[in-house]
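Visitor: If you want the building blocks of each chain, they are given just below.
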Amino acid sequence: MSRLKGIKMTEEKKEFWRWKEYNWHDEAKDWKGVETITAGVDVGSVSSQVVIMLDGELYAYSNMRTGSDSPDSARKAMSWALEDTGMTLDDIHYIVGTGYGRVNVPFSNRAITEIACHARGGNMMYGSTVRTILDMGGQDCKAIRCDERGKVSNFLMNDKCAAGTGRGMEVFADLLAVSIEDVGEQSLDVEEEPPPVSSTCVVFAKSEATSLLREGWSKKKVLAAYCSAMAHRVVTLLERVGVEKDFAITGGIAKNIGVIKRLEKELNLTSLKSNYDTQIAGALGAALFGKTLIEKQRMKAK
Amino acid sequence: MKANYGYLDGSGEFFITIDTDLCIECSHHGCVDACPVGMFEIIVDDYDDKVAAIKEEHRKKVKYDCSACKPVSDRPPLPCVEACTPGAITHSW
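Line order of the protein sequences matches chains A and B.
According to the working numbering, the first sequence is numbered sequentially starting from 1.
According to the working numbering, the second sequence is numbered sequentially starting from 1.
Only chain A is shown next, with the shape it has when bound in the complex (with noise of 0.2 Å):
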């Protein structure tokens, strides 16, 4: 030990991995007075986000981690959104319960799976013309077909392995330290497409990857070869369910321009853009989904 006096073992270890938390609210909006105040509770595996409507229109949001605890997560997050709104828990006429934790959501009139909540939630942010949209979330892969009223024709969710998940994004932008929001815009400037690495498993491409760097690839040509894997493993679950235009991405890799690029080349089609935050597509579908079944109660109390 004394030969080690002085040296600086370990500097302050950066979670690259880590993503800006945040909430927002409409400032302009009223909410004392509205009829219909509903409320969407997406509990993912990685994120929850809570999305608050007043008469159908996006009134408030939050997004952030998902803890240990899926109860607490969506507490949390629900308590964040209301932040600075002066609105109070009592005061929201439906919650909605969607996605991996949906069961868990203590405060939920009911819940609804996150394959029906994205796609109503897409076609809210995308426009009815929408009827393919892939959810690449946390741990999983969505890739859904919907009609114009946003009702789910034909899914698929890839959920046993994290190739082609946000988890994976992660590991990446951890093992070659940069942020992860930085991971997209990095693996574009490279100078030629480098082929990609393993698509089949995050753990063999992750080994792939520090094998690339030993042999001398920059940390942005790997990262270039690991969004196009991603993109890559993405299009065997579209081919599937089949892509019909218009399209459109939800989930925290929407974020990603690296992977959605490449996406767009192997589909040859252009994905849709949107003004709302990808992020929140599940949990604003369940708002809607509130919407349609206090009304529907409402209906039958007269």
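Keep in mind that the hints were calculated from the coordinates and are not lab data.
Hints should not be assumed to be uniformly reliable.
[Unchecked claim] Below, computed lysine-lysine pairings styled on DSBU-like, alpha-carbon distance capped at 35 Å:
1. A:K151 / B:K55
2. A:K160 / A:K14
3. A:K20 / B:K60
4. A:K302 / B:K63
5. A:K219 / B:K55
Once you have looked at the hints, place chain B on chain A.
Guide: The following block gives chain B in isolation, referenced to the frame of chain A:
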């Protein structure tokens, strides 16, 4: 709606597809009793329709759970497919 239950991994694509538009017409749901490992259940889906689905605990191992009904050669008709009179069930492998 076509619901694909299963997964894609390094060894291939393993999906059981249930066409709920056809399934909804069925009153007896023979698939539930026909499957020797009890993979099927009847659920109320997100659109309030009563349809067959693969149980959660089988979705990530359909390749293995179906193996008894899928010998390498001389494969007989699958019991679930045979029992499904509306023809709503298909297997990808």
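Visitor: If a hint holds in the structure, say so; if it doesn't, say that too.
Guide: Hint check results:
1. Proposed proximity of K151 of chain A and K55 of chain B is supported: the alpha carbons are some 22 Å apart, at most 35 Å.
2. Restraint check for K160 of chain A and K14 of chain A: satisfied, since their Cα atoms lie roughly 29 Å apart, inside the 35 Å limit.
3. As the CA atoms of K20 of chain A and K60 of chain B are separated by approximately 32 Å, the hinted pair is consistent with the 35 Å bound.
4. Note on K302 of chain A and K63 of chain B: the hinted pairing is violated, with a Cα-Cα distance of about 50 Å set against a maximum of 35 Å.
5. Among the hinted pairs, K219 of chain A with K55 of chain B is inconsistent with the structure: their alpha-carbon atoms are about 42 Å apart, more than 35 Å.
When each numbered hint is compared with the structure, violations occur for hints 4, 5.
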